[in-house]
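Peer 1: With the hints as your guide, set chain U onto chain R.
So the protein lines, in turn, are chains R and U. The opening position of the first sequence corresponds to residue 1 in the working numbering, with each subsequent residue numbered one higher. The opening position of the second sequence corresponds to residue 603 in the working numbering, with each subsequent residue numbered one higher.
Treat the hints loosely; a few may be bogus.
What the hints assert, rightly or not - Pairs of lysine-lysine residues, derived as BS3-like cross-links and limited to a Cα-Cα distance of at most 30 Å, are as follows:
(1) K461(R) x K207(R)
(2) K109(R) x K866(U)
(3) K461(R) x K481(R)
(4) K866(U) x K80(R)
(5) K409(R) x K8(R)
(6) K207(R) x K409(R)
By construction, these hints were calculated from the structure, which means they are not laboratory data.
Chain by chain, the residues:
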Amino acid sequence: MRGLAARKTTLALIAFLVLVGGYPLLFRNSYEIGVGITAGALAIGAVGFVLLLGYAHQLAAGQPAFCMIGGYTSGILCVKFGWDPMATLLLGALLSMAIAYPIAAPMLKLRGFVLVMGSLAFQLILVVVAFELPFTGGAMGTYGIPRFAIFGFTLQSDVAFYFVVWAFVLATIAIGLNIDRSRIGRALKAIAISEMTAGSVGMNTVKHKVQMFVVSAGMASVSGSLFVHFLRAVDPTVFGFVFSLNLVIAVIIGGLMSIWGGAVGAAIVTALREGLRGLSLPMWETVIMGALTAVVLIAFQRGFAGWISDRFDRLTGARGGKPPSVTEPQPTALPRLADAPQAGTPLLDVSSAKRSFGSLRAVDDVSFTVEAGSITALIGPNGAGKTTLLHLVGGYQPLDSGTIKFAGKPIELLLPNRIAELGIGRTFQNLQLFDNMTVLENVMCGRYRLQTSGILAISAKLPRVRRDENDVRRVARDCLKFVGLQGAENLMANELSFGHMRLVEIARALALQPTLLLMDEPASGLNDTETERLAELIAQIAALGITVLLVEHDMRVVMGLADKVVVMHHGKKIADGPPDRIRAEPAVVAAYLGTEAYETAA
Amino acid sequence: MDFQTLAQLVLPGLTTGCVYALIALGFVLCFNVSGVVNMAQGEFVMLGGLLGAWLSIKGVPLIAAVVVATMAGAVLGVLQERLTLAPVRRSPPFIQITITLGVAVIVRGIALIQFGKDPLSMPAFSGDDTFELLTAVLPIQTLWVWGATAAMLIGIYYFLRHTDVGRAVRACSINVVAARLMGVNAERLTVMVFAIAGGTGALAGAVITPVVLASWDAGFVYALKGFIGAILGGLRSPVVAVMGGLGVGVAESLAAGYLSSGWKDAIVYGLLLAFLLIRGGVFLHGRAALTAGGGH
Numbered sequence: 001m002r003g004l005a006a007r008k009t010t011l012a013l014i015a016f017l018v019l020v021g022g023y024p025l026l027f028r029n030s031y032e033i034g035v036g037i038t039a040g041a042l043a044i045g046a047v048g049f050v051l052l053l054g055y056a057h058q059l060a061a062g063q064p065a066f067c068m069i070g071g072y073t074s075g076i077l078c079v080k081f082g083w084d085p086m087a088t089l090l091l092g093a094l095l096s097m098a099i100a101y102p103i104a105a106p107m108l109k110l111r112g113f114v115l116v117m118g119s120l121a122f123q124l125i126l127v128v129v130a131f132e133l134p135f136t137g138g139a140m141g142t143y144g145i146p147r148f149a150i151f152g153f154t155l156q157s158d159v160a161f162y163f164v165v166w167a168f169v170l171a172t173i174a175i176g177l178n179i180d181r182s183r184i185g186r187a188l189k190a191i192a193i194s195e196m197t198a199g200s201v202g203m204n205t206v207k208h209k210v211q212m213f214v215v216s217a218g219m220a221s222v223s224g225s226l227f228v229h230f231l232r233a234v235d236p237t238v239f240g241f242v243f244s245l246n247l248v249i250a251v252i253i254g255g256l257m258s259i260w261g262g263a264v265g266a267a268i269v270t271a272l273r274e275g276l277r278g279l280s281l282p283m284w285e286t287v288i289m290g291a292l293t294a295v296v297l298i299a300f301q302r303g304f305a306g307w308i309s310d311r312f313d314r315l316t317g318a319r320g321g322k323p324p325s326v327t328e329p330q331p332t333a334l335p336r337l338a339d340a341p342q343a344g345t346p347l348l349d350v351s352s353a354k355r356s357f358g359s360l361r362a363v364d365d366v367s368f369t370v371e372a373g374s375i376t377a378l379i380g381p382n383g384a385g386k387t388t389l390l391h392l393v394g395g396y397q398p399l400d401s402g403t404i405k406f407a408g409k410p411i412e413l414l415l416p417n418r419i420a421e422l423g424i425g426r427t428f429q430n431l432q433l434f435d436n437m438t439v440l441e442n443v444m445c446g447r448y449r450l451q452t453s454g455i456l457a458i459s460a461k462l463p464r465v466r467r468d469e470n471d472v473r474r475v476a477r478d479c480l481k482f483v484g485l486q487g488a489e490n491l492m493a494n495e496l497s498f499g500h501m502r503l504v505e506i507a508r509a510l511a512l513q514p515t516l517l518l519m520d521e522p523a524s525g526l527n528d529t530e531t532e533r534l535a536e537l538i539a540q541i542a543a544l545g546i547t548v549l550l551v552e553h554d555m556r557v558v559m560g561l562a563d564k565v566v567v568m569h570h571g572k573k574i575a576d577g578p579p580d581r582i583r584a585e586p587a588v589v590a591a592y593l594g595t596e597a598y599e600t601a602a
Numbered sequence: 603m604d605f606q607t608l609a610q611l612v613l614p615g616l617t618t619g620c621v622y623a624l625i626a627l628g629f630v631l632c633f634n635v636s637g638v639v640n641m642a643q644g645e646f647v648m649l650g651g652l653l654g655a656w657l658s659i660k661g662v663p664l665i666a667a668v669v670v671a672t673m674a675g676a677v678l679g680v681l682q683e684r685l686t687l688a689p690v691r692r693s694p695p696f697i698q699i700t701i702t703l704g705v706a707v708i709v710r711g712i713a714l715i716q717f718g719k720d721p722l723s724m725p726a727f728s729g730d731d732t733f734e735l736l737t738a739v740l741p742i743q744t745l746w747v748w749g750a751t752a753a754m755l756i757g758i759y760y761f762l763r764h765t766d767v768g769r770a771v772r773a774c775s776i777n778v779v780a781a782r783l784m785g786v787n788a789e790r791l792t793v794m795v796f797a798i799a800g801g802t803g804a805l806a807g808a809v810i811t812p813v814v815l816a817s818w819d820a821g822f823v824y825a826l827k828g829f830i831g832a833i834l835g836g837l838r839s840p841v842v843a844v845m846g847g848l849g850v851g852v853a854e855s856l857a858a859g860y861l862s863s864g865w866k867d868a869i870v871y872g873l874l875l876a877f878l879l880i881r882g883g884v885f886l887h888g889r890a891a892l893t894a895g896g897g898h
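Pulled out of the complex, with its shape left as it was, chain R reads as follows:
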């Protein structure tokens, strides 16, 4: 059922072409065509804003600053130097992106409201600059901007300009959709749910946000250039408060998480504004816009596009109601790890690891090794420091002192995403799935580190990007077959039962093609049958040549599976060795049952 998203896109595209093509047939006078042009120009900015706000979750309210840069670049170069409008539009977009790139990383360090204010301050500074600089025309602005022209070919009619603007909208939407259905789109959605989990599959949380900031700056700039060519003039108030507001509201009404939503919202906002003008109620415009913003955000957070998409699902019965048809696990679905390290050599070497929280020594001078190809279990009573130790290995917490080596290289200073890139996968004690994606997409996320396509290739959807995506989809399906969830691909991750969710998490970690798999209490919350199947699955994973380090409470799992057991108590390692020896170790029995119990038993 890969067709569902594709079918929706086709339908949306048909609707788009019919509406855009039909509008100038129904509304012929120059005022009405002008309204169509402004809606289109707003739509371009709005789609860019969806990428920034809906995908990267960054409310940078200063987006119109880049409309200003684009608008003024176009205006000044056309009027004062007689440049070609299309050339100035492209140059403006490049300039905006060049300005956006260096400020993106520091700007996006600001979170939430601080970012709103910071980006707003940036925009307001630009407004003052536009007022005060000698060559912008000050409060009067720059006027006498020519009709839009594409490399010498001037668009003499407004209708022609209308179609050019909407062709730009379509191109913008295409770029947005390409990003949405790529490793970058998945990474952004994953980061929105949990930066920690996104890091566990190697996703770089800063990089893609910066990319969205730059891409949306470019789109805003194009929008600004087209606007000033429509107005034939630009002054500091054109992209002021009202414009910012229209942009935000368009995105909210259209649907924050939908690329199409940006265009839909821009059309709705423009229609509403003109309608209110027609009813001679322009004073009510702001009130109604504000009220719509609040109501949509309180009651329909997915906006108009989300609503349409849900209706479509319900009408066609595309989603929901079907329990996953779970198959038997297919241990042959995945190939044996090709570059598995020599069995028996130390793969992970933890040496004198220490980590304290205040006066509590959670991990106190622990050393052990995990041999390649083995299953090593980390056990100990509650609060022994097992999960903390696993966090240290995964890079989620810094060590106070000590070293951790993976395949001979020190990793104790690396961030989780760098550690994942080296081929260390993990699953979490409290399930960490991306609820906003399907089961298949969740597993595809695991493939992130092995995909190399950059933002440019993805935006253009080059053939190699398409091939790469197909490969990833195939491997992800194989991983699901391996754990036995073949039938659940298209369900949303949160529609599964707890036990099945755990299997998805394991499949996602396997998609990463890990050399070492860290599992934090995989059996917790599972019933007896599920636990048995899990133990089988872990054995099958090890049979692929993947080394496993697991933290576990369930002794049946541990003693049946593990080649080696490391026992912790109060932050210290009290024993390690093969399960048989551990079972007889006095210190271990004492730790679990208390010293007296041991003495009585003895």
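Peer 2: Here is chain U on its own, set in the frame of chain R:
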């Protein structure tokens, strides 16, 4: 740089700074209890000013106009909280912030419809005389602004330091989860701080109107400048927020006087941006990780 020019810039700067200080305080109180940065904070000031001016033009006695305007601000604060924020307590912060932006727009729009495009004025509370202080000549209304601000600050200080509810507000600012576990009713406190923020903002708007006029579109700029004051104290410390607000007023007045009034705003916003970027990392870990500012 002679002393008289300096005084003539600094003291009026303090007067607008009073408004920023009260807005900054409102930001801090609301943020600490509810976790929301209320972008409509400046609209309270705008509403207080316009409503007060409009009522006095309609012949309502000055004192009654000011009281009604203040009450209206408080009621607006409560309505905003109950109607638009309480239902979305669990939504991500950026959605809540955007909702407060929507509310700000609604209030602006209603003000535009009700009071019109032109700025309104209000007679000074005790005549249009001037007085001299440290060689600067100031309108008498300045004393009302300073006095009202001082009174509100003292009131809020007393409330935070010496009442149980105030202590609960401070507890929330240190650790909202722990405060809840100790039985602090955060819902009730949230309503209360929104009422305080609304009321103090509106009163500030009313007392400053005889000096600067009230206009339907002034709220947003007030909010931004008040926010600068609040952020200086990391949105934690009420005292730093108040000092910050006063400082922003003085800084913009000095920038306008010595540099150029055109670049005034760019300078203030530039300082904000620089400060945010330098301090940016502090806000990285969300509010739980920020150390307590307390009320001292």
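Peer 1: All hints are to be evaluated individually against the structure, with a verdict given for each.
Peer 2: Hint by hint, here is what the structure shows:
no., hint, in the structure
1, K461(R) x K207(R), "holds, 19 Å"
2, K109(R) x K866(U), "holds, 27 Å"
3, K461(R) x K481(R), "holds, 28 Å"
4, K866(U) x K80(R), "holds, 29 Å"
5, K409(R) x K8(R), "violated, 48 Å"
6, K207(R) x K409(R), "holds, 25 Å"
In the structure shown, a violation is registered for the earlier hint numbered 5 alone.
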